[in-house]
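Start from the sequences, fold in the hints, and give me the full structure.
Chains as they are written, first to last, in the numbering used here: chain A, 1 to 635; chain B, 636 to 1266.
Check each hint, because a few of them may be wrong.
[Unchecked claim] Taking lysine to aspartate or glutamate and the EDC-like style, the derived pairs with C-alpha atoms no more than 16 Å apart in a straight line are:
{"#": "1", "chain 1": "B", "residue 1": "Lys777", "chain 2": "B", "residue 2": "Asp1132"}
{"#": "2", "chain 1": "A", "residue 1": "Lys448", "chain 2": "A", "residue 2": "Glu391"}
{"#": "3", "chain 1": "A", "residue 1": "Lys605", "chain 2": "A", "residue 2": "Asp592"}
{"#": "4", "chain 1": "B", "residue 1": "Lys777", "chain 2": "A", "residue 2": "Asp407"}
{"#": "5", "chain 1": "B", "residue 1": "Lys777", "chain 2": "B", "residue 2": "Glu990"}
{"#": "6", "chain 1": "B", "residue 1": "Lys651", "chain 2": "B", "residue 2": "Glu997"}
{"#": "7", "chain 1": "B", "residue 1": "Lys777", "chain 2": "A", "residue 2": "Glu263"}
{"#": "8", "chain 1": "B", "residue 1": "Lys894", "chain 2": "A", "residue 2": "Asp461"}
{"#": "9", "chain 1": "A", "residue 1": "Lys235", "chain 2": "A", "residue 2": "Glu268"}
{"#": "10", "chain 1": "B", "residue 1": "Lys894", "chain 2": "A", "residue 2": "Glu268"}
{"#": "11", "chain 1": "A", "residue 1": "Lys605", "chain 2": "A", "residue 2": "Glu391"}
{"#": "12", "chain 1": "A", "residue 1": "Lys605", "chain 2": "A", "residue 2": "Glu417"}
[Said to hold, decoys possible] A few chain B positions that, by computed beta-carbon distances, are all more than 10 Å from chain A:
{"#": "13", "residue": "Arg652"}
{"#": "14", "residue": "Met665"}
{"#": "15", "residue": "Pro843"}
{"#": "16", "residue": "Ser1150"}
{"#": "17", "residue": "Arg1196"}
Keep in mind the hints are simulated off the structure, nothing from the lab.
Built from N, CA and C at the ideal position, the CB exists for glycine as well.
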Amino acid sequence: MFDGGRFMMDREVSRAQSVPQTLRRLGGMFAPYWPWMILVMVLVLIVAGSQVYTAVLLGQAIDCYVNPALLSGSGTVGDAAGANCWFERADTQGWGVPALLTGLTHLMLITTAIYIASAASRSLSFYMMSAVGNRVVRRIRVSLFRRIHSLTLGYFNRHEAGDVMSRLTNDLDTLQQSINFMMISVLLAVVTVIWILIQMLIINYVYGLISMALIPVMYLVTNWLSSLARREFRKARREIGNINADLQENISGVREMQAFVREGASSESFREVNAANRDANISAVSYTSALSPTLEAFGFLGLTVATLAGGLLLLNGGTLGGQAVTLGLVITYINLVQRLNQPIGQIAVMWTNVQSAIAGSERIFELLDEEPEIQDPPQPVAVNRLRGRVEFHHVSFHYNPDEPVLDRISLIARPGETVAIVGPTGAGKTTILNLIPRFYDPISGSVKIDGVDVRQMRRSDLRSNIGMVLQDTFLFNDTIMNNIRFSREGATDAEVRGVAELSYADEFIRRLEDGYETVLGERGSGLSQGQRQLLSITRAILADPRILILDEATSSVDTRTELLIQGALEALMRGRTSFVVAHRLSTIRNADQVLMMQDGRIIEKGTHTELLAQGGAYHALYMSQYQALEDEVPA
Amino acid sequence: MGGPGGRPGMNLPALKRALGYSLHHSRFMMLALGSMLVGTLAQLAVPQFIQDILDNVTLALAASGMAGLDSAGLDSLMAESGFTLEQLTAANNNPLQPLVVSSILILFFSIGRGVFAFLQAYMAEKNGQYAAYDFRNELFAKISSLSFSYHDRQRTGELMVRATDDVEKVRQFISQGLLMAGQALVLMVASLSILFYTNWRLALVVVPILPVAMLMFMFFGSRVGPLFAMIQQRLSHLNSILQENVAGLQVVKSYVREKSEQARFGKVADEHMRNSIRVSRFMSVMFPFLFLVANLAIVAVTWYGGRLLIFDELTLGQWSKFMLYITYIFFPIGQFGFIIAMATQASASAARVFEILDTDVEVRNRPGARTLDTVQGMVEFRNVTFRYFEGSEPVLNDVSFGVMPGETVAILGATGSGKSTIINLLPRFYDVSDGAILIDGIDIRDATLDSLRSQIGIVLQETVLFSGTIRDNIAFGRPEATDIEVEAVARDAAIHDFIVSQPNGYRTDVGERGSTLSGGQKQRVAIARALLLQPRILILDDSTSSVDLQTEQRIQQALDRLMEQRTSFVIAQRISTVRNADRILILENGRLAATGTHETLMESNELYADIFSSQLVDDSAALAEAQAGWA
Ligand SMILES: Nc1ncnc2c1ncn2[C@@H]1O[C@H](COP(=O)(O)OP(=O)(O)O)[C@@H](O)[C@H]1O
Ligand SMILES: Nc1ncnc2c1ncn2[C@@H]1O[C@H](COP(=O)(O)OP(=O)(O)O)[C@@H](O)[C@H]1O
Ligand SMILES: [Mg+2]
Ligand SMILES: [Mg+2]
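Okay, structure coming up:
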């Protein structure tokens, strides 16, 4: 939204991997499909070979059957004596026109057969390649998605979600398009080019060398232009990431935007991001647009060189490389050069997409390579159902090194106890709770459950013992039923309803037209804020956790409903270790321990009654609420 | 949400409309088109010169036999080769000159062709990029103007795919497909004419191939079109899952649902893959088949041309020219295949983009709506009934009340009773279904949205901040506000002290959605943001629910002062917050159950008394103990 505020860090250090490295890595992903790839390779060879040999056959048609007819008159075109014929060759005297025609027809039939075989191979190779390519893309897509799950909350403090997502959508889509068709086309083109070059050398190496004189220049030009283009495409990929991030943020903040009449200004700043993307792309295509015409021009020149050289050699009746230059030879070369131009042109056309895909792949691999800051230990302590003794030992924590958030926190929650945490906003209550399921790791000190450091457990084991109601309610774009069931797959409808009755959510759910099958909008839109909290609580209860964490779970619920829920929760919390953060003191009165926090430290600790008796900060807090109503208490 | 999935084949209206965008910057388009014509003509000229070279070689070869011939021999040579005596003599005297001329011409035309082909490609790409730019700007403007009700239903991930990926596919067609089609057409028609001119009999061999290709394309378009639409749908679905998993990462992790979410994602990814493979199955039949047809035509031409050569009805140069021009006919056919694929894809994507652009904005300015000048702040709800969906149960039912300028109104009621809904109607986030809301006696639907909303400062129940600094966020509604003003409202919202305790002070980054702030800090920034507008009407929807009591009381003091001059609506759970309101509205299931002041309601309204007592901590024992311990 605000330009200054973008997270610039990972933008500027564009860890551009080297292109060969990226390509090798992409190639590696095809390795599991090697039998397919070998078959594809064979098919590609057939297609390329057919390109070459049909041109050779064409030359032979001229030399062996057409030219003799010309020779029979006096309009001699060169000397066909040196012609290399695979099949019976016409001699000037013995062959009449019908025999020449038959020879020609035979050759053309063979050519037809080759073309049919080539078409079949081409079709099959395209299909197989795309079948493999799409599987590879699917694998990358799924691994990227898996990678997202392994990223920590801390990662998203530093990176824009929209940009991260762009790698999974825009970058991957570019890659997919490339892999789908470009890759086989490029492969085919490259093989064809190489084969044609070799064939040209084989037939007559001097003539061959002359015909391909321009190839190295073409190579250099291509290389130069595409390295320039790639640099710009890298920028363009980043810019589309920015567009994504900007969109993402503005769509999710669209209500604020309208409330504050900022549509115009936001559109204005989007225009800037949008223009940056446009310009980066334009400057990238300025290079790729030059590539294809340049190569084409070179192709024409190559054609001229081959024709001219051939013509001159024919004129001088010469031999070259110890071999007679025949008309058929010249025609073969002209055709080969032409068949060279086509794949080269094709490579050039696809180059834009390929370059863009390479730039995209770099971003994809960058995300795949992201080392999760929080990982499972190599030898996790096996835990099953925890008893629920939670201990903090001198835990200190910060999000940014220069801003301590928790300062040597120590606490012990015995199994089954309810611990209430109170204190001003920003004291660090939520932060403490986030350390228990290991959303973050302490900077120093340790968090232990049942005497085992949480860092020694598998996260999935740890978390399946914890039910959490986050301060920021999050619901999915799904039915209410599925939203509640999210915490315990396989819970029956009846179980879900039962739990919803406990949490007083059932009442409002049943009033909805579609009841439990009501589909919620994104983040639960379509419900009032308090109703979302009720669902979130229901979801946590359904998990039947050993440790229950309620972070301001009823802050948006009206006080009467809250009282009702509290009754239910108290029954539920019996036997489970619970952590409760709340501002309304009625919620915390019955806790076994109350921790009063301030500025990242626990300043008072005890039961409600003990703390009141201390006459400290908790007492003051309590009095302030009490005072507010005290005047009104009916005598 | 459902795209135009079922529609068969290509969506021509959408495609046509998308093409309209390529004319937005007609300068680029014209340049591209002009370059295309010149470049293509230059391209067409080259085979002619190649023919010249070959013809000249033949001529020179024939001429080289001249030397020893008598006049009879010469005559037969001329008859045989079709050259005149002058030609032969010239060729004999200077066999190289015409070759050199042709080569220079080729060089010249190749370079010309290169330059114009570059201009064509560059201008076309530029045009495409500009069109995409326009598309995205329009989409953004549209998305930001669409009403809350639209966004309640719409998924962010879906919108984003349409604004990025779908636009990209339309762009590709505009950038590459359009000009490619033009070029292919010109090339094909011109080459065909040249071929007919050169040797019509030989040219006839080529003609039957064209309808075959046409049929092929039509078949392809009708089969693959729906697949492309489906592919985009799956892509949107994938992105929506992704979007939710990123936004709700903590919930997913809390309940250890990574595996099952991955399975869900994997399933859609599989479908997506299968669709993509299905498309390529069509492609991998179509393209090789086209190539085959083209190659067979070449064989036919070779064979038939060879015959003509044998019978001396064709010169060698003509023949090889034929072979060159024939690729100019078949290459475009291949290109058409490519273009059809691109166009089919673009039309599917364009339809998805236009679907957003064509969505009706439910809440919008009426024709002749007037600008609302600074209002006094008199608000009246007149028999307001409201439903979120047509035909559903009303969420607000016949609600009527009036508020005098400067009054503070508190709204109380159970969760889901319609409190937030009431205040969402005031800035017209939704329009009433029945009845009317008046400000200063004017129906708010007769005022322009901007002028109405800019007089209202609102703190929504769900706080959303934007990435950027704290200052940026507080000054969201008025970026031009001075530092002093920003600080003043930050003090009023009791957030100033926290801000200055941060190393970067007001320049502290808040992260996406304000993720680096605690819940109460976010709420206070949101309050400051609303206060900075100095609105005539202030709305606070449960805006201190995450703020601790003591801080809340500090904010309350500031608000009491600020609310004196404005009409204010306050939703809160705590009686202590609403006690001082001039008027308290009690909502029950969307109906106004009672209105009054704290005092009158305490006496007359059971519900209110009930709410009140729910907040009393029955703690006299502990309190007495504490006070005793104190004393
Ligand atoms: N993701 C984060 N990155 C940086 N700072 C954070 C982050 N989350 C919270 N903070 C800061 O840490 C402090 C404690 O926050 P929190 O634990 O959320 O407070 P609360 O006690 O209100 O729950 C606050 O000052 C807040 O600004
Ligand atoms: N965007 C929406 N779409 C459909 N129904 C909604 C929407 N927002 C709220 N509701 C429904 O309207 C009723 C009133 O909601 P709301 O006004 O948010 O309640 P509250 O009094 O808690 O603020 C609730 O039953 C809720 O389910
Ligand atoms: Mg918190
Ligand atoms: Mg509400």
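Verification of the hints:
Annotation: proposed proximity of lysine 777 of chain B to aspartate 1132 of chain B is violated, straight-line Cα distance about 39 Å (limit 16 Å). For the suggested pair lysine 448 of chain A and glutamate 391 of chain A, the alpha carbons sit about 5 Å apart, so the restraint of at most 16 Å is met. Taken as a hint, the lysine 605 of chain A and aspartate 592 of chain A pair is honoured in the structure, with Cα atoms around 10 Å apart against an allowance of 16 Å. Distance check on the hinted pair: lysine 777 of chain B and aspartate 407 of chain A sit about 48 Å apart at the alpha-carbon level, beyond 16 Å; violated.
With a C-alpha separation of about 11 Å, the suggested pairing of lysine 777 of chain B with glutamate 990 of chain B holds against the 16 Å cut-off. For the given pair, lysine 651 of chain B sits about 27 Å from glutamate 997 of chain B by alpha-carbon distance, which is inconsistent with the 16 Å threshold. Proposed proximity of lysine 777 of chain B and glutamate 263 of chain A is supported: the alpha carbons are some 10 Å apart, at most 16 Å. Of the supplied pair hints, the one linking lysine 894 of chain B and aspartate 461 of chain A holds, its CA atoms being roughly 13 Å apart against a limit of 16 Å.
A threshold of 16 Å between alpha carbons decides the hint, and for lysine 235 of chain A with glutamate 268 of chain A the separation of about 21 Å lies outside it, so the pair is violated. Only pairs whose Cα atoms come within 16 Å are accepted, and lysine 894 of chain B paired with glutamate 268 of chain A is rejected, the gap being roughly 41 Å. Taking the CA atoms of lysine 605 of chain A and glutamate 391 of chain A, the gap is near 15 Å; set against the 16 Å cutoff, the hint holds. Taken as a hint, the lysine 605 of chain A and glutamate 417 of chain A pair is honoured in the structure, with Cα atoms around 14 Å apart against an allowance of 16 Å.
Under the 10 Å C-beta cut-off, the non-interface status given to arginine 652 of chain B relative to chain A holds; the minimum distance is some 20 Å. Non-interface status of methionine 665 of chain B relative to chain A is upheld: no Cβ of that chain comes within 10 Å, the nearest being about 17 Å off. Against chain A, the non-interface label of proline 843 of chain B holds: every CB pair exceeds 10 Å, the least being about 16 Å. The Cβ of serine 1150 of chain B does not lie farther than 10 Å from every Cβ of chain A; its closest approach is about 6 Å, which violates its non-interface assignment.
Look at arginine 1196 of chain B: its CB is around 18 Å from the nearest CB on chain A, clear of 10 Å, so calling it non-interface holds up.
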